[in-house]
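Chemist: With chain A fixed as given, assemble chain B with the ligand onto it according to the hints.
Taken in sequence, the protein lines are chains A and B. Going by this note's numbering, the letters in the first sequence line up with residues 103 to 742, in that order. Going by this note's numbering, the letters in the second sequence line up with residues 144 to 380, in that order.
Because the hints were derived from the structure by calculation, they are not lab data. Given the structure is predicted, the values throughout are model-derived calculations rather than measurements. Certain hints may be false.
[Unchecked claim] Each computed BS3-like pair below joins lysine-lysine, with the alpha-carbon atoms no more than 27 angstroms apart:
id	chain 1	residue 1	chain 2	residue 2
1	B	LYS201	A	LYS304
2	B	LYS289	B	LYS355
3	A	LYS304	B	LYS289
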Amino acid sequence: MKNPLYFPSSQLISRRRFVTGLAAGGALLGLGLSPARLLATTGSTTPMPERRGNHFTLDIAPLTVNFTGAMRTATAIGGSVPGPVLRWREGDTVTLDVTNRLAVDSSIHWHGIILPTGMDGVPEISYPGIRPGETFRYRFTVRQSGTFWYHSHSGFQEQTGMYGPIVIEPRDQEPNPCDRDYVVMLSDWTDEEPDSVYAKLKKLSHYYNFNERTVGDLIGEIREKGLARTWNDRAMWNRMRMSDRDLSDVTGYTYTYLMNGRTPSEGWTGLFKPGEKVRLRFINGSAMTFFDVRIPGLKMTVVAADGQDIQPVAVDEFRIGVAETYDVVVEPDDGAYCVFAQAIDRSGYAHGTLTPDISLKAEVPPFDPLPLLSHKDMGMRMNMGDMDGSMSMGDAGSMSMNTMDSGNGAMNAKTKRESAMPGMQPMEGADMNNTVMGAPAKGTMASMPSEGMSGLGKAGYGSNAPVVHVPTEFGPHVAMRTENPQYRLDDPGAGLRNNGRRVLCYADLRNLHPTPDPREPEREIQLHLTGNMSRYMWSINGVKYADAEPLRFRYGERLRITFVNDTMMNHPMHLHGMWSDLETGDPKAIPRKHTVIVQPGSKISYLVTADAMGSWAYHCHLLYHMAGMFRKVVVSEEGK
Amino acid sequence: MRKLALTMLLLLTLTGVARAGGMEDDPLLAALIVDRLEMRTADGSNPIFWDADAWIGKDLNKLWFKTEGEYRDQKIEEAEFQALYSRAVDPNWDLQAGVRRDTYQEPGMPDRNWLAVGFMGTAPYYFDVDTALFLGEDGRTSFRFKTEYEFMFTQRLVLVPEFELNAYGKNDPATRTGSGISETELGLRLRYEIRREFAPYVGINWNRLYGKTADYAKEEGADFDDVQFVIGVRLRF
Ligand SMILES: [Cu+2]
Numbered sequence: 103m104k105n106p107l108y109f110p111s112s113q114l115i116s117r118r119r120f121v122t123g124l125a126a127g128g129a130l131l132g133l134g135l136s137p138a139r140l141l142a143t144t145g146s147t148t149p150m151p152e153r154r155g156n157h158f159t160l161d162i163a164p165l166t167v168n169f170t171g172a173m174r175t176a177t178a179i180g181g182s183v184p185g186p187v188l189r190w191r192e193g194d195t196v197t198l199d200v201t202n203r204l205a206v207d208s209s210i211h212w213h214g215i216i217l218p219t220g221m222d223g224v225p226e227i228s229y230p231g232i233r234p235g236e237t238f239r240y241r242f243t244v245r246q247s248g249t250f251w252y253h254s255h256s257g258f259q260e261q262t263g264m265y266g267p268i269v270i271e272p273r274d275q276e277p278n279p280c281d282r283d284y285v286v287m288l289s290d291w292t293d294e295e296p297d298s299v300y301a302k303l304k305k306l307s308h309y310y311n312f313n314e315r316t317v318g319d320l321i322g323e324i325r326e327k328g329l330a331r332t333w334n335d336r337a338m339w340n341r342m343r344m345s346d347r348d349l350s351d352v353t354g355y356t357y358t359y360l361m362n363g364r365t366p367s368e369g370w371t372g373l374f375k376p377g378e379k380v381r382l383r384f385i386n387g388s389a390m391t392f393f394d395v396r397i398p399g400l401k402m403t404v405v406a407a408d409g410q411d412i413q414p415v416a417v418d419e420f421r422i423g424v425a426e427t428y429d430v431v432v433e434p435d436d437g438a439y440c441v442f443a444q445a446i447d448r449s450g451y452a453h454g455t456l457t458p459d460i461s462l463k464a465e466v467p468p469f470d471p472l473p474l475l476s477h478k479d480m481g482m483r484m485n486m487g488d489m490d491g492s493m494s495m496g497d498a499g500s501m502s503m504n505t506m507d508s509g510n511g512a513m514n515a516k517t518k519r520e521s522a523m524p525g526m527q528p529m530e531g532a533d534m535n536n537t538v539m540g541a542p543a544k545g546t547m548a549s550m551p552s553e554g555m556s557g558l559g560k561a562g563y564g565s566n567a568p569v570v571h572v573p574t575e576f577g578p579h580v581a582m583r584t585e586n587p588q589y590r591l592d593d594p595g596a597g598l599r600n601n602g603r604r605v606l607c608y609a610d611l612r613n614l615h616p617t618p619d620p621r622e623p624e625r626e627i628q629l630h631l632t633g634n635m636s637r638y639m640w641s642i643n644g645v646k647y648a649d650a651e652p653l654r655f656r657y658g659e660r661l662r663i664t665f666v667n668d669t670m671m672n673h674p675m676h677l678h679g680m681w682s683d684l685e686t687g688d689p690k691a692i693p694r695k696h697t698v699i700v701q702p703g704s705k706i707s708y709l710v711t712a713d714a715m716g717s718w719a720y721h722c723h724l725l726y727h728m729a730g731m732f733r734k735v736v737v738s739e740e741g742k
Numbered sequence: 144m145r146k147l148a149l150t151m152l153l154l155l156t157l158t159g160v161a162r163a164g165g166m167e168d169d170p171l172l173a174a175l176i177v178d179r180l181e182m183r184t185a186d187g188s189n190p191i192f193w194d195a196d197a198w199i200g201k202d203l204n205k206l207w208f209k210t211e212g213e214y215r216d217q218k219i220e221e222a223e224f225q226a227l228y229s230r231a232v233d234p235n236w237d238l239q240a241g242v243r244r245d246t247y248q249e250p251g252m253p254d255r256n257w258l259a260v261g262f263m264g265t266a267p268y269y270f271d272v273d274t275a276l277f278l279g280e281d282g283r284t285s286f287r288f289k290t291e292y293e294f295m296f297t298q299r300l301v302l303v304p305e306f307e308l309n310a311y312g313k314n315d316p317a318t319r320t321g322s323g324i325s326e327t328e329l330g331l332r333l334r335y336e337i338r339r340e341f342a343p344y345v346g347i348n349w350n351r352l353y354g355k356t357a358d359y360a361k362e363e364g365a366d367f368d369d370v371q372f373v374i375g376v377r378l379r380f
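Next comes chain B alone, as it looks inside the complex:
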């Protein structure tokens, strides 16, 4: 995995370096985009959620990292990491392929590894889309679709509706995931861009589990249909 990453990095840097008057047209750059770093209202402890991307690369080829997860009661409850090779295939779309790993804090919950392939970009009418297929061990499959839209009230005050859907090919009782559509998330966040780099926000988030996934949650006495208020910050560098 690390070797793969290093090889890809090397490939990225080896491309041509002809310059116009000492100017590098396509420099190697790195970016960090913490899309969400937020506290949600919940009974007892207020969990912290994150959803962040980082990349290093050039105009058309990048190494892309994604992570999201939940931190509760002083420990990381669950977390997901992806390492992807991202290649521009269209003016607005990147094809991304790599690996994903899910980890859980709870004893007895096994880690899950996946191969990932998906598209990330901007659809017509300015919908930002991130969607992928995942292939796991033992014939497990998963699908994810995320989209968001930005309503600009002013140049700095932006309302962002977001939608996410997760589906799985078969039941995975160990991680309490059921087959079919397992989960949808509908969010509405209002952010204020103090700077491009720093934008605090407030919002609401409606999380709903379906089918077997909902049943697993019910067995545990957990919420399967939950509306939470969120407060957080978006960062980008």
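Same shape as in the complex, but just chain A:
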């Protein structure tokens, strides 16, 4: 037993440096020196491998890697982990010949790319997959620009190294020309077999969680708040048998976090000349890890989200969910800066250095405090002035129909006014979306006409529909149903609230270009993200993929998806083939995303234009949630 704590052996060095760094930083502060001092080290930069053009040949093959001090076999695309940066040009037709040199089936999915269903690369939905020894030719016209990525969609292969960046050059003028352009791909590596990780989670869901509440925490809380208040605060969690520390299912206990394939002990290095504008294309290619990213000493101007240009917004920090991308522009002075990406549960980090001089390295900052989930993250009704009081827990049957007047930070007063629609009766759950239920619905409401029906909120402002927990959400497979889920677009999430920094939140995202499809939604589908953490079961509306009917969209329709998160975890939901137009308030500047984080206990809405015929995957992008929290979407003329 080398080190019983979080850090795999190769990280020991960095951890030691990290600890001394902390101490030294503190001492320097005492002396009034800048903590952003420089450490002289010898460094080297090896740029990410890159392919350019419109014809690519890529092999999927085993690759021996060593991220932790132990040799392991990864599955690699194009001979490296991550795979090479694929540089395309908007408007080009690209051809990608992908050969599977593994002993098992494989696939590549082009994440966030709008293309014909047969090119999407999801086995059993868009094509049969790529058999061992076979070559599959992907060929499609690139109709977008920006930062995207690609990954395997077969089994747990993505965890074992099958992911890489895509950068698409715009045909028109780049709105944010920069002097330098770096991809910053974040990922999580484990020496364990993913099947074994999954089995461990099923058998003991907190297997990897070493952030659990201790007696010491409790005593501290009692000292601070007194016994009675502490008891009350803890009561709901204890009755629900839920933990306020379930931030990540899989943690730094087994993961080594990588930045462009570099471990924390190496770090990635990006060079710049002082005065230059540097574009950093952050891609979260992790299997399971959300990262909080900042560059101490630098403001980051976020210019694109999920590859789409947004109105620039300057922030100190952002949280990037699995499969999301953010492009930021920084203008560093003379000096070295640490690009710090800490895992959401603070069990590890990936980092890099932006430096004008390869021998200068920036100090890695200490971890921020462990985020704790709050009653809000449970979707509980907040009794004003009684935060600690006896929050009526609501047992199995408890649910709230009273969400129509839900306050919402990002949505403006207008929304609220519109929300207070009279005569909107709660609908029976099955009626909201009969397709998911797999059972005939009584009085189908799956399509609600927009005219004359006040049930649908205006495009851009989110849903007016009541939150309804359908009957399939009740049973041993679902541990929790939110009582009062809120739109939390202005909430950066647990651990980032009021941390003294300007943190990006979804409410900040305003598309640079006018919303391409300005139509009002014709209908709405409410989907509940459900699960039972302790049994490690995940589903949508309480129905796992294996038992679910496909969701059916009518070709050409504009519809709204409202997600309600009935769990304590963030779920990054990814719709293939079509954009998710996130309703952040202004219908004229709706940001288009391919992956949308649904925060614990919250709800969120986006509009979809069903302009892509065929079958598509729709799922949580956390790899070990995906098998259950998954739907097939079928877009057809009839929509049935």
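Modeler: For chain B with the ligand alone, coordinates are given in the frame of chain A:
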């Protein structure tokens, strides 16, 4: 019994296999949890006690095996086995039903067979509970309630108070069990999780017999009120 087990196993594996991109959401898994494997202090020989569970199955339906017993003087003094079908009935609770068999080493002590039905799960405030009713031959009945709680001092150092109560419907002189509450056990174990799979512990265990059961023990000159130190290991795979 074995046929029953095989049938149930077959049923478990026959459920749907629709997959998302070749990913099995609900794979057939097996687990072994040796909750206690410990030596206790006693006069003369130090007996070894075990208490272990194993299961095979899927998310909601499992075959569950439980065993506990005592090994002393190079032989198994007494042992209990249960084979149960376990079905999730609530987010936190499994309903378990099956058979239990008690065996004794001592000559003249007959085996006892029972039907078992009970609940296993986590109660509010994180009390782990395993409780069951047993129906035996000749109208014998029995009840068991076990609970434990975990005080985490650190992420790896855990203090576990445990309580167990056994009761019987009528006297069974052959196995020296009396009616009413026959036995309680109160334990306090401090374990250190070197890994999730391997956690050594030390502790104390207070075992007390009551009523007729205590009388049977007294007749034999055995302890009916005994505090023992224990040292052992918890294993889980
Ligand atoms: Cu998820």
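Chemist: Each of the hints needs a verdict: does it hold here or not?
Modeler: Right, here's what the structure says about each hint:
{"no.": "1", "hint": "B:LYS201 / A:LYS304", "verdict": "holds, 9 angstroms"}
{"no.": "2", "hint": "B:LYS289 / B:LYS355", "verdict": "holds, 22 angstroms"}
{"no.": "3", "hint": "A:LYS304 / B:LYS289", "verdict": "holds, 24 angstroms"}
Violated hints: none; the structure is consistent with every hint.
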